[in-house]
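> Listed here are the chains, written in short residue letters.
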Amino acid sequence: MTRVGFLRLLVVGGFVLVLEAMCRTGLISPRILIAPSEMALRLAQLLAAGKFNADIAETLGNVAIAFVLSVGGGFAIGAAIHALPRLRRAIDPFLASYYALPFFAFYPLFIVLFGLGRGAIIAIGFLFGVVAMIIATLNGFDRIPRVLVKTAHVYRMGPVSAALRIKLPSATPYLFTGVKLAIAYSFIGVIAAEFIMASSGLGYSIAYAFNNFDNRTMYALMLFVIVLVTIVNALFHGYEQRLLRRLGC
Amino acid sequence: MSAALLAIDMPAHADTVPGVHAEMRGVTRVYAGLGGQSGVHALASTDLTLRRGEFYSVIGPSGCGKSTLLDVLAGLSRPTGGTISFEGRPVDGQVPDGVGVVFQEDASFSWLTVADNITFGLRRAGAEPAEVARRLDYALRLMGLADFAKSYPAQLSGGMRQRVCIARTLVLQPRLILLDEPFGALDAQTRLIMGDELLKVWRETGATVMLITHALDEAAMLSDRIGIMSARPGRIIKEVTTGWPSARDSRVATDPGFGRITADLWSVLREESLKAIGQGNLR
Ligand SMILES: Nc1ncnc2c1ncn2[C@@H]1O[C@H](COP(=O)(O)OP(=O)(O)OP(=O)(O)O)[C@@H](O)[C@H]1O
Ligand SMILES: [Mg+2]
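Same order as they appear, the protein sequences are chains G and V.
Counting from 529, one number per residue, gives the positions in the first sequence under the working numbering.
Counting from 10, one number per residue, gives the positions in the second sequence under the working numbering.
Derived from the structure by calculation, the hints contain no laboratory data.
Careful, some of the hints might be misleading.
Per the computed footprint, the stretches of chain V lying under chain G, defined by three or more beta-carbons under 8 Å from a beta-carbon of chain G, are [what the hints assert, rightly or not]:
#1 103–112
#2 161–168
#3 262–275
Taking lysine to aspartate or glutamate pairs in the EDC-like style, the calculated list, with each CA pair at most 16 Å apart, reads [what the hints assert, rightly or not]:
#4 LYS678(G) / ASP258(V)
#5 LYS159(V) / ASP125(V)
#6 LYS678(G) / ASP273(V)
#7 LYS678(G) / ASP146(V)
#8 LYS247(V) / GLU206(V)
#9 LYS209(V) / ASP258(V)
#10 LYS209(V) / ASP233(V)
#11 LYS247(V) / ASP258(V)
#12 LYS579(G) / ASP742(G)
Using N, Cα and C, we set each Cβ at its ideal position, and we do this for glycine too.
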C-alpha cells in the first residue's frame, strides 16, 4: 500500500473509531445515531435474512438502466450536436445552466408522464445523468487533434468509421469524465426519486424506516448505499487510471 | 531486406505527361477569417511538378505555407484556386489511393500499441495476416522499433513516435510519399541515419518523395531537386538540382558540391526568411 493510501485508511478508520466511541459512551444519543459497529451488524442481519434483496435488486436495476441510457444517449446526442455547430451555439446556454434546475421540484410532472412505476424513476436518473455525458462528449470531440482527423482522411475512412475508430478512442479520456458523472448522477437521481415517489427500492426503504422510527434499519441501509457507491466508484476509478496511464494522460 | 518486399505494383493510372507524377498549376489557398477578420493568404499562385520517382524537397521560411502546400497536394484541403493532379487524375477534396502522408505533428494513435499503429492501414485494407506480419516486421526493424512493438506511444520519445508514423505510412507502400518535417523531433545523429533510411526506402520502392524540411543540409543531402518557397503567401520561387547519383547517402555532405548547393539554397532562403520575420528592409 502507498503512503497516501495508508494515510487515507487511517483517516477513515480513525473517524469510524471516534464515532464508535462517542456512541458507546453515550455522547451521541442512539436516537440520533447508532454506533457504526451496530450499523454493520444490523446490515449483516438484514442481508442474511434477505429482507431487502428485492429492493436492492430493483434499485441497482434502475441505476444500471439509467446509467446505460445516460451514457449511450449522451454520447449519441453529443456526437450529433458536435456535427451541427449552429444547433450547438443555439443550445449551449441550456446545457451550461441545466444543472441549475431543481429537478425534484418537477416530480409530479414525471409521474404524469411516466406513471407511478419504475419508468418515472429511471427517467429522472437518466435526465440527471445524460447532460453530463453530452457535455463531456462535446468537450472530448473538441479536443481531438486536427492531425488525427486528417489521418482518418489519409486512410480514406468514412464519417462513421472515423468517428468510431479515431474520434471515439481519441476522446476517451474526456468521455470517462462523463461516464463517471453519469454513474454518480444515476445513483443520486434514482435513490432520491425513490424517496419521494416509489413504493419499493432502497430509497423508499430508507424513507420508510425513517418514518417508522426504525433507526437501526435506516442506518444499516445508508451504510449499504455508501459501501455500494464506494465500491462501484473504486472499481471504475481503477479501470480509468489503468487506461489513462496507457494513454499517457 | 529484399527490395522486392516493398516494391510497388505498377500504378493504376499512367501519367498523362510521361514522367510527371503529380502536378500543381496556379494553386492558391486562402484560409477564411473568423467573423469579419480578413483571411490568411497562405499560398500564392504555386506551380509544382513532381517527376515520377524523384526525391523532391521543399524548404521555406517558417509559416510560409509549406504544410498548406502538402495539404492541398494530398487532397486534404481544397485549394482556393488552381488545379492539382496525381497520376493524371485531378485531386479534388479526397486523398487519392497511393498517396501516403507523414504529418508535422504527432499523429500516432495513443490507444494502440506500436505494432497496431503500424498495421492500422493494412488491417483496414484487409491484408492477409501473414503479409501484415511480414511488413510489420520489416517496418519495425527499418525504423529501429523492434523492441517496442508492444509499447504504447505514450511510452516512447517524440522522435520514436514520429518513426511510428513513418512506418505506418511506409507499410502501405504508397507511390507518392509526402513528409512534413518528419525528423523535426529527432536529434542530429538520428536525423542523419533516418535520412539514409529514407533514401534506402526511396531507392527500393521507386516511390516519389516530397519532403518538407527546414534543414538546408537535409534538403541538400537527400534530394534530387529542391524547391525554395517565398515568405507568405508562399510559392516556389527557385528550384535547385543537386545532381547526386541515386545510390547516395548522408556522406555526400563531404562532397565539394554539397557546400555549393547549400550556399545556393541559403542565398535565396536568407532573404525570404528575413521577410518572414518582418526585416526584409534590413538586409
Ligand atoms: N487551418 C488554418 N486556418 C487559418 N490559418 C491557417 C490554417 N493553417 C495554417 N494557417 C496559416 O497559414 C499560414 C501558413 O501556414 P502553414 O502551416 O502552411 O505554414 P508552414 O510553412 O508549414 O509553417 P511551419 O514552418 O511553422 O511548419 C500561416 O500564417 C498560418 O497561420
Ligand atoms: Mg508546417
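> What are the numbers of the hints the structure violates, in ascending order?
3, 4, 6, 7, 8 and 11
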